[in-house]
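Residue numbers (this note's numbering), protein chains in the order written: chain A, 1 to 436; chain B, 1 to 152.
Possibly wrong hints are sitting among the right ones.
Quick look at which bits of chain B chain A covers, simulated, 3 or more residues with Cβ under 8 Å [said to hold, decoys possible]:
(1) 58 to 71
(2) 101 to 107
(3) 119 to 130
Read the hints as simulated data drawn from the structure, not as lab findings. Every residue gets a Cβ at the ideal spot worked out from N, C-alpha and C, and that includes glycine.
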Amino acid sequence: MFIFALMRLKPWSRAALLGVVVALILMFTTNLHAVSRKRTRWSSKERVLLRSLTLKSLGAIPRDPSNRVADDSTAASFGQLLFFDARLSSTGTVSCATCHMAEKNFQDGRPVGRGVGEGSRRTMPIAGTSRSPWLFWDGRADSQWEQALGPLENPVEHGGDRTQYARLIAVEYRTRYESIFGRLPSLGTLPFRAGPVGDTVRAAAWARIPGARRDEISRVYANIGKAIAAYERRIDFAPARFDRYVEAELASDTLSSPSLFTPDEEAGLRLFIGKASCVNCHNGGLFSDGHFHNTGVAQSRATALPDSGRTSGVLKALAGEFSCTSRYSDATAQDCAELRFAVAEGPELVRAYKPPSLRNVVDRAPYMHAGQLATLDRVLEHYSSAPRAPLGRSELKPLHLSWSERRQIIAFLGTLTGPLTAPPGFLAAPANHTVE
Amino acid sequence: MPAIPFLAATRRIAASKIVAALAVATLFAGCIAAAQSPGELDYSRTRSSEHGIYRGTIIVSGDSIPTGRLQSWTLHLETADGAPVDVATVSVDGGMPQHGHGLPTKPQVKLALGNGNHLVEGMKFNMGGWWVVKFHVNSTAGNDSLVFNLSL
Ligand SMILES: [Cu+2]
Numbered sequence: 001m002f003i004f005a006l007m008r009l010k011p012w013s014r015a016a017l018l019g020v021v022v023a024l025i026l027m028f029t030t031n032l033h034a035v036s037r038k039r040t041r042w043s044s045k046e047r048v049l050l051r052s053l054t055l056k057s058l059g060a061i062p063r064d065p066s067n068r069v070a071d072d073s074t075a076a077s078f079g080q081l082l083f084f085d086a087r088l089s090s091t092g093t094v095s096c097a098t099c100h101m102a103e104k105n106f107q108d109g110r111p112v113g114r115g116v117g118e119g120s121r122r123t124m125p126i127a128g129t130s131r132s133p134w135l136f137w138d139g140r141a142d143s144q145w146e147q148a149l150g151p152l153e154n155p156v157e158h159g160g161d162r163t164q165y166a167r168l169i170a171v172e173y174r175t176r177y178e179s180i181f182g183r184l185p186s187l188g189t190l191p192f193r194a195g196p197v198g199d200t201v202r203a204a205a206w207a208r209i210p211g212a213r214r215d216e217i218s219r220v221y222a223n224i225g226k227a228i229a230a231y232e233r234r235i236d237f238a239p240a241r242f243d244r245y246v247e248a249e250l251a252s253d254t255l256s257s258p259s260l261f262t263p264d265e266e267a268g269l270r271l272f273i274g275k276a277s278c279v280n281c282h283n284g285g286l287f288s289d290g291h292f293h294n295t296g297v298a299q300s301r302a303t304a305l306p307d308s309g310r311t312s313g314v315l316k317a318l319a320g321e322f323s324c325t326s327r328y329s330d331a332t333a334q335d336c337a338e339l340r341f342a343v344a345e346g347p348e349l350v351r352a353y354k355p356p357s358l359r360n361v362v363d364r365a366p367y368m369h370a371g372q373l374a375t376l377d378r379v380l381e382h383y384s385s386a387p388r389a390p391l392g393r394s395e396l397k398p399l400h401l402s403w404s405e406r407r408q409i410i411a412f413l414g415t416l417t418g419p420l421t422a423p424p425g426f427l428a429a430p431a432n433h434t435v436e
Numbered sequence: 001m002p003a004i005p006f007l008a009a010t011r012r013i014a015a016s017k018i019v020a021a022l023a024v025a026t027l028f029a030g031c032i033a034a035a036q037s038p039g040e041l042d043y044s045r046t047r048s049s050e051h052g053i054y055r056g057t058i059i060v061s062g063d064s065i066p067t068g069r070l071q072s073w074t075l076h077l078e079t080a081d082g083a084p085v086d087v088a089t090v091s092v093d094g095g096m097p098q099h100g101h102g103l104p105t106k107p108q109v110k111l112a113l114g115n116g117n118h119l120v121e122g123m124k125f126n127m128g129g130w131w132v133v134k135f136h137v138n139s140t141a142g143n144d145s146l147v148f149n150l151s152l
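Using the sequences plus the hints, can you model the full thing?
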């Protein structure tokens, strides 16, 4: 009867019909193909991507040619003492660890950091930052040691100054310092409180010191940063459940093998690397591309000053007194490639910030560069609606994620929680440490 | 009554309509594919410049172009008739058309290595996907652009 019906058609409509039938058959078989491909949980392309997100893909901690003591373990132990020493502040109450609390993944859980005063940005995690070519939310430092010198003389963070710190080293740490960096300059006649940053009194006192003497003091200051960096460098992420999951999937990726993830976590991962394209910016073993993006995060209410993000960050990095190309750096000019090839201007830099690593992210609310979003629900809401940027243009497009998709992505983010790794004793205050 | 209603219905639809519907469907499917991954693009490492003045080849170390780190390339430049171009000013830009952003770095081409080869320094790609890299070449042969597509 089928043939009979077909015969009664005009030849050209018969041809068209044949086309439809062929198309249907094709569709059916390709569908079958898709079904058989689903036997494995992840396609070969996805497996390559998954592998690139594991800690294993990161390899060894990269060298820092700008810091010749970066891999010196004596310098690292010295750096640990300094990191926890509150005497490195104008008040004697603020150390790096005041905001970067070892027991809280080196963060403080506040929307903006609080030292001697209140800052305007959120405290960032420390682990893994030796792998980041740019430090701070706006990347205004190009090494860990240059970064450390920012808060030390920032009036609302440690609030101290260079002659004060040099004296502390001379009195408390002379032997240690000199065994690593050589002789300290004599400090005899220098003012007690002087430095280029901070209040006008200290700045004026600094300006009165002869240039060559200033340079000696700044070198001591730079070395404080280098010792702290030697310590921080060794703080890294240890594998999380996610890393074990990927390892298991790559070893035996069949649907019958048990999954280390719940269905929600697996669906969340699929969204993260697929439809939600989080992986565009949160990629590599740290889940951060280390670059800068405007994601339309609202202006902070913590500060009245507008924050232009990378626009001013890159200019500060290029002009940095302690940059990779500065006289205090141990690098040769060729070593400073990131600085040399940095994009220094353009609309894309406006309110662009560095994506923080998403490892251990679920435990460190609030989120974004000034803690603008209180919870992960709010973060997913943000990515779902992609609000307009207060300044510049957001790179995000609305994802219109359903409630269950948001829940799945958050479940997945939970699999990125894992311990930190460091040499023995490095993940807490040093043993002989006293806090005033 | 025909036994298969579907066919009976089809018979009443003009064949031209079917053809049109098929064409629309194919086009539609094609568009979706293009928006996801531009499979139609020419990803070859040797390209002719937009106005045909130059042929350029990018030579990278290793088979695949890594993401997330600075790298140097060699750009081999020759005129359309195969003469190597050593003296040229070359500038680089590019980005990800689908994401609407440029390159994360400002690469430079400053060193001619001879035989039409030029050192491209400071290349970096901070995410996977479709990238476009453009070399603007200016020499006595003329002003033209070489456009390379990369799938990372
Ligand atoms: Cu992109």
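Okay, the hints, checked on the actual structure:
| no. | hint | verdict |
| --- | --- | --- |
| 1 | 58 to 71 | holds (count 3) |
| 2 | 101 to 107 | holds (count 7) |
| 3 | 119 to 130 | holds (count 7) |
Violated hints for the displayed structure: none, as all numbered hints are satisfied.
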